[in-house]
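Asks: Quick mapping for you: the protein sequence lines, in order, are chains G and F. If you count by full-length UniProt numbering, then the first sequence holds residues 1 to 242, one letter each, in order. If you count by full-length UniProt numbering, then the second sequence holds residues 1 to 242, one letter each, in order.
Just so you know, the hints here were simulated from the structure itself, not pulled from any lab data. Predicted model only: the values in this text are computed from it and were never measured. Treat the hints with caution; some may be incorrect.
As the list claims (entries may be wrong) - List time: in silico DSSO-like cross-link candidates among lysine-lysine, alpha-carbon distance up to 30 Å:
id, chain 1, residue 1, chain 2, residue 2
1, G, 198, F, 141
2, G, 95, F, 95
3, F, 154, G, 95
4, F, 198, F, 95
5, G, 198, G, 154
6, F, 198, G, 141
7, F, 141, G, 95
There are 2 protein chains.
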Amino acid sequence: MPIVSDESRHILSSFETDLTRLRDMIAAMGGLVETELADATTALITRDAELAARVVEFDARVDAEERSIEQFAIRLLATRAPVANDLRQVVAALKVTTDLERIGDYAANVAKRTLVLNESSPAYPLASLAQMSRLVQENLKSTIDAIGDADIEKATAVWRADQMIDDLYTTIFRELITYMMEDPRNISACTHLLFIAKNLERIGDHATNVAELTYYAATGTSLPENRPKGDLSAAYFAQSKP
Amino acid sequence: MPIVSDESRHILSSFETDLTRLRDMIAAMGGLVETELADATTALITRDAELAARVVEFDARVDAEERSIEQFAIRLLATRAPVANDLRQVVAALKVTTDLERIGDYAANVAKRTLVLNESSPAYPLASLAQMSRLVQENLKSTIDAIGDADIEKATAVWRADQMIDDLYTTIFRELITYMMEDPRNISACTHLLFIAKNLERIGDHATNVAELTYYAATGTSLPENRPKGDLSAAYFAQSKP
Numbered sequence: 001m002p003i004v005s006d007e008s009r010h011i012l013s014s015f016e017t018d019l020t021r022l023r024d025m026i027a028a029m030g031g032l033v034e035t036e037l038a039d040a041t042t043a044l045i046t047r048d049a050e051l052a053a054r055v056v057e058f059d060a061r062v063d064a065e066e067r068s069i070e071q072f073a074i075r076l077l078a079t080r081a082p083v084a085n086d087l088r089q090v091v092a093a094l095k096v097t098t099d100l101e102r103i104g105d106y107a108a109n110v111a112k113r114t115l116v117l118n119e120s121s122p123a124y125p126l127a128s129l130a131q132m133s134r135l136v137q138e139n140l141k142s143t144i145d146a147i148g149d150a151d152i153e154k155a156t157a158v159w160r161a162d163q164m165i166d167d168l169y170t171t172i173f174r175e176l177i178t179y180m181m182e183d184p185r186n187i188s189a190c191t192h193l194l195f196i197a198k199n200l201e202r203i204g205d206h207a208t209n210v211a212e213l214t215y216y217a218a219t220g221t222s223l224p225e226n227r228p229k230g231d232l233s234a235a236y237f238a239q240s241k242p
Numbered sequence: 001m002p003i004v005s006d007e008s009r010h011i012l013s014s015f016e017t018d019l020t021r022l023r024d025m026i027a028a029m030g031g032l033v034e035t036e037l038a039d040a041t042t043a044l045i046t047r048d049a050e051l052a053a054r055v056v057e058f059d060a061r062v063d064a065e066e067r068s069i070e071q072f073a074i075r076l077l078a079t080r081a082p083v084a085n086d087l088r089q090v091v092a093a094l095k096v097t098t099d100l101e102r103i104g105d106y107a108a109n110v111a112k113r114t115l116v117l118n119e120s121s122p123a124y125p126l127a128s129l130a131q132m133s134r135l136v137q138e139n140l141k142s143t144i145d146a147i148g149d150a151d152i153e154k155a156t157a158v159w160r161a162d163q164m165i166d167d168l169y170t171t172i173f174r175e176l177i178t179y180m181m182e183d184p185r186n187i188s189a190c191t192h193l194l195f196i197a198k199n200l201e202r203i204g205d206h207a208t209n210v211a212e213l214t215y216y217a218a219t220g221t222s223l224p225e226n227r228p229k230g231d232l233s234a235a236y237f238a239q240s241k242p
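My request is simple: use the sequences and hints to build the entire structure.
Replies: Okay, structure coming up:
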């Protein structure tokens with residue numbers, strides 16, 4: 001039955017094309033949130049209110065991208081009725097877009113707080129936050145790369161690296177509290193910086209989620225429930241993340 | 001062709017049963033996170049460390065529930081290949097579980113902070129947080145009810161009511177900053193209360209997401225992009241939610 005066979009090859013190959021397109025769309029959305037986070041961080045560090053305002057506006061593009069990926073994924077489910085490995089990839093895609101959209105929201109929130117912060121002058125050195133953001137951005141970039149290449153090793157590396165971000169967050173949290181205690185005039189600005197640090201930490205968590213979903217989509221199995229912890233104190237901090 | 005006709009009726013009705021089961025599973029998971037939030041709030045207000053510890057443990061049950069709903073939804077997609085309205089309901093279910101899981105995480109985080117708080121004695125009156133949590137719990141309950149009944153009106157009401165929660169959050173945020181400024185010894189405890197208030201506000205947002213998904217699943221259309229705002233000042237607070 002050569003005709004049937006050709007036909008099924010055709011359908012198969014065309015679904016592969018659709019899956020590749022889905023991955024490309026997600027990688028493109030990932031690129032948008034990477035830019036959003038990088039710009040939000042630059043705006044914070046250089047106190048650039050204009051850039052911060054642009055980041056806040058930019059977030060609508062990320063949301064629109066989420067909706068088109070969702071629509072495409074739903075169309076794939078409806079028209080292709082994928083099963084097994086293919087189905088897993090479409091379901092993972094639907095979940096990844098939710099994480100990326102949240103990352104966009106957190107980056108936009110960093111920009112909104114930057115606009116408020118510019119009215120005051122926090123004594124706290126922003127370099128720590130810049131460093132934390134750099135780690136988060138590296139992790140996010142690796143995650144997005146891992147999606148495009150369905151790269152399990154890269155996904156696993158992201159998942160492990162999140163611990164460093166958590167530890168840096170704990171350090172910054174404590175420093176900010178100290179600054180607030182030393183001079184109550186710092187309280188208002190430092191509170192916004194606390195939430196900015198928390199946003200970065202949450203972005204790191206969502207990047208980890210995406211890495212987990214990438215691993216799941218590629219292998220059909222989940223990464224272990226708990227990430228390996230560096231040592232007991234790190235485990236303690238991570239568990240009671242401030 | 002009576003046999004085919006009978007067969008397709010059978011398949012249809014059995015898929016309806018599956019969809020009802022899916023909705024019931026989600027409503028049950030919703031019940032779990034409702035309990036988790038109620039207990040976390042009680043633990044906070046009554047300074048009950050034992051209850052707080054139980055809430056932290058309880059969150060694993062919510063996570064397990066998310067995984068079984070996901071597996072059931074994926075099995076439905078694989079074996080039923082639903083389209084149109086049915087497909088929309090399964091996709092919405094997958095997204096709703098993500099929101100409910102996040103609500104569970106936020107409730108567990110309230111409990112974790114309660115454990116830390118019990119080591120100090122914040123001067124801030126917890127009644128405001130109790131009131132905020134009551135509003136959030138009411139909204140969450142309505143959302144869960146709306147899922148079970150596919151009740152569009154209830155879903156829309158939840159979506160509108162979130163503004164009250166946002167306004168209360170802004171008030172609490174400002175009060176907490178004032179407490180911190182008045183006495184630096186309050187800073188550490190009040191920072192945890194700030195994050196607890198933020199967690200409650202985020203739970204409200206996720207309940208709103210669930211309401212939007214319920215509306216979408218039932219109608220195929222989305223609620224408008226922006227919720228109606230009470231007045232200009234409220235819109236300002238909501239936009240730059242502290």
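Asks: Hint by hint, note whether the structure agrees.
Replies: Hint check results:
In summary, the hint linking residue 198 (chain G) to residue 141 (chain F) is supported, as the alpha carbons are separated by about 28 Å, within the 30 Å threshold. With a C-alpha separation of about 7 Å, the suggested pair residue 95 (chain G) and residue 95 (chain F) falls inside the 30 Å cut-off, and the hint holds. For the suggested pair residue 154 (chain F) and residue 95 (chain G), the alpha carbons sit about 26 Å apart, so the restraint of at most 30 Å is met. For the suggested pair residue 198 (chain F) and residue 95 (chain F), the alpha carbons sit about 22 Å apart, so the restraint of at most 30 Å is met.
Distance hint between residue 198 (chain G) and residue 154 (chain G) is fulfilled; the C-alpha atoms sit about 25 Å from each other, no more than 30 Å. Proximity of residue 198 (chain F) to residue 141 (chain G) is assessed by CA-CA distance (about 28 Å); at most 30 Å being required, the pair is judged to hold. Under the criterion of a C-alpha separation no larger than 30 Å, the hint pairing residue 141 (chain F) with residue 95 (chain G) is consistent with the structure, at around 25 Å.
In summary, the structure agrees with every hint in the numbered list given earlier.
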